[in-house]
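Okay, so the sequence shown: first residue is 1 according to UniProt numbering, each after it adds one.
Keep in mind that the hints are not guaranteed to be accurate.
Stated by the list, open to error - Just the calculated beta-carbon pair ranges, DEER-fashion:
id, residue 1, residue 2, range
1, Gly48, Ser204, 40 to 50 Å
2, Glu151, Gln227, 32 to 42 Å
3, Trp45, Ser122, 15 to 25 Å
4, Asn2, Lys222, 15 to 25 Å
5, Gln227, Lys47, 37 to 47 Å
6, Ile169, Lys189, 36 to 46 Å
7, Lys175, Ala56, 17 to 27 Å
8, Leu165, Gln13, 39 to 49 Å
Hints in this document: simulated from the structure, not taken from any laboratory.
We put the beta carbon where it would ideally sit given N, CA and C, even for glycine.
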Amino acid sequence: MNYLDLSFDPLFQVREHLKWWPWVGSEFARTTVETLILGESVYRWSKGEAFDKRYALTSALRETHSNLALDFDRNSRYVRNIERAIFQRRNPSDTQKQTLWSSVAYHNLVLDAMQTVKHRPSQDQYQKGWGAALDLFDVLGVEQCLVFGVESVSSLRLASSARELECLIRRHPAKVGRFRPSTGTVRTKSGRQVRLLFVRHPSSFFSWRNWAPVVQEGLQWKLVEPQPLPEPDGQLANEPAGSAQGTA
Numbered sequence: 001m002n003y004l005d006l007s008f009d010p011l012f013q014v015r016e017h018l019k020w021w022p023w024v025g026s027e028f029a030r031t032t033v034e035t036l037i038l039g040e041s042v043y044r045w046s047k048g049e050a051f052d053k054r055y056a057l058t059s060a061l062r063e064t065h066s067n068l069a070l071d072f073d074r075n076s077r078y079v080r081n082i083e084r085a086i087f088q089r090r091n092p093s094d095t096q097k098q099t100l101w102s103s104v105a106y107h108n109l110v111l112d113a114m115q116t117v118k119h120r121p122s123q124d125q126y127q128k129g130w131g132a133a134l135d136l137f138d139v140l141g142v143e144q145c146l147v148f149g150v151e152s153v154s155s156l157r158l159a160s161s162a163r164e165l166e167c168l169i170r171r172h173p174a175k176v177g178r179f180r181p182s183t184g185t186v187r188t189k190s191g192r193q194v195r196l197l198f199v200r201h202p203s204s205f206f207s208w209r210n211w212a213p214v215v216q217e218g219l220q221w222k223l224v225e226p227q228p229l230p231e232p233d234g235q236l237a238n239e240p241a242g243s244a245q246g247t248a
């Protein structure tokens, strides 16, 4: 998979609770504000063996996210709508999309597959997921987190309290549609303070125009354009032969 940073994998490997490893963009470590986008869950999109084979692997979430986010013509609502809100335009360019997913980490809060798209995670699943996410904040050095869905705030409070971590989350006074965003901070085991923004899940009747100001004001979006990928022979993509950097 392109635009992926594998340098954190040894740290993921020793964490047995991390059933699926996060997507970490190739430029994540170069950003001035390390950002994690936290989705909710996956559902069984196939009753056959294809789903079971993919999700038996730690790379499953990465593969799914790469297929949906980096196939720029694919109309996956959770990626296309949040891109619109971040860039404040109906049709972000392919370069903007690529820059976003190269600059952030992406993970799912719930590390169990839902049986169908209509099934919802339990509070216990949310709480276990937050336990893993709090650890992940330290592993990745996360400074801010955009959370898809507003339902897991109470589970974050419980997970933080169980670990004696400071957690301050408040709901916005004004609704966006039928939902109120929440913002706040949580302090991790290492003492790192992470800013959090909870928004309506972007795959469900998400008005990107209405949510864009919340997303823009709630977090800092310091994105880094991805470096050109090397060709198999070592030459950079789109680089004319004989024009390698550092040569006269």
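Does 17 to 27 Å hold as the CB distance between Lys175 and Ala56, or does it fail?
-> Taking Cβ atoms as reference, Lys175 and Ala56 lie about 41 Å apart, which means the hint is violated.
Confirm or reject the claim that Gln227 and Lys47 have a C-beta distance inside 37 to 47 Å.
-> Roughly 41 Å apart at Cβ, these two residues keep to the hinted range, so it holds.
Hint says 39 to 49 Å; check whether the CB-CB distance for Leu165 and Gln13 agrees.
-> With Cβ atoms ~25 Å apart, the hint is violated.
Would you say the C-beta atoms of Ile169 and Lys189 sit inside 36 to 46 Å of each other?
-> 18 Å, violated
For Glu151 and Gln227, compare the CB-CB distance with the range 32 to 42 Å and indicate the outcome.
-> 38 Å, holds
Determine whether the Cβ-Cβ distance between Asn2 and Lys222 falls within the hinted range of 15 to 25 Å.
-> 22 Å, holds
For the range 15 to 25 Å, tell me whether the beta carbons of Trp45 and Ser122 fit it or not.
-> 21 Å, holds
Cβ distance range 40 to 50 Å for Gly48 and Ser204, holds or violated = Violated - the Cβ-Cβ distance for Gly48 and Ser204, about 26 Å, lies outside 40 to 50 Å.
Violated hints for the displayed structure, listed by number in ascending order: 1, 6, 7 and 8.
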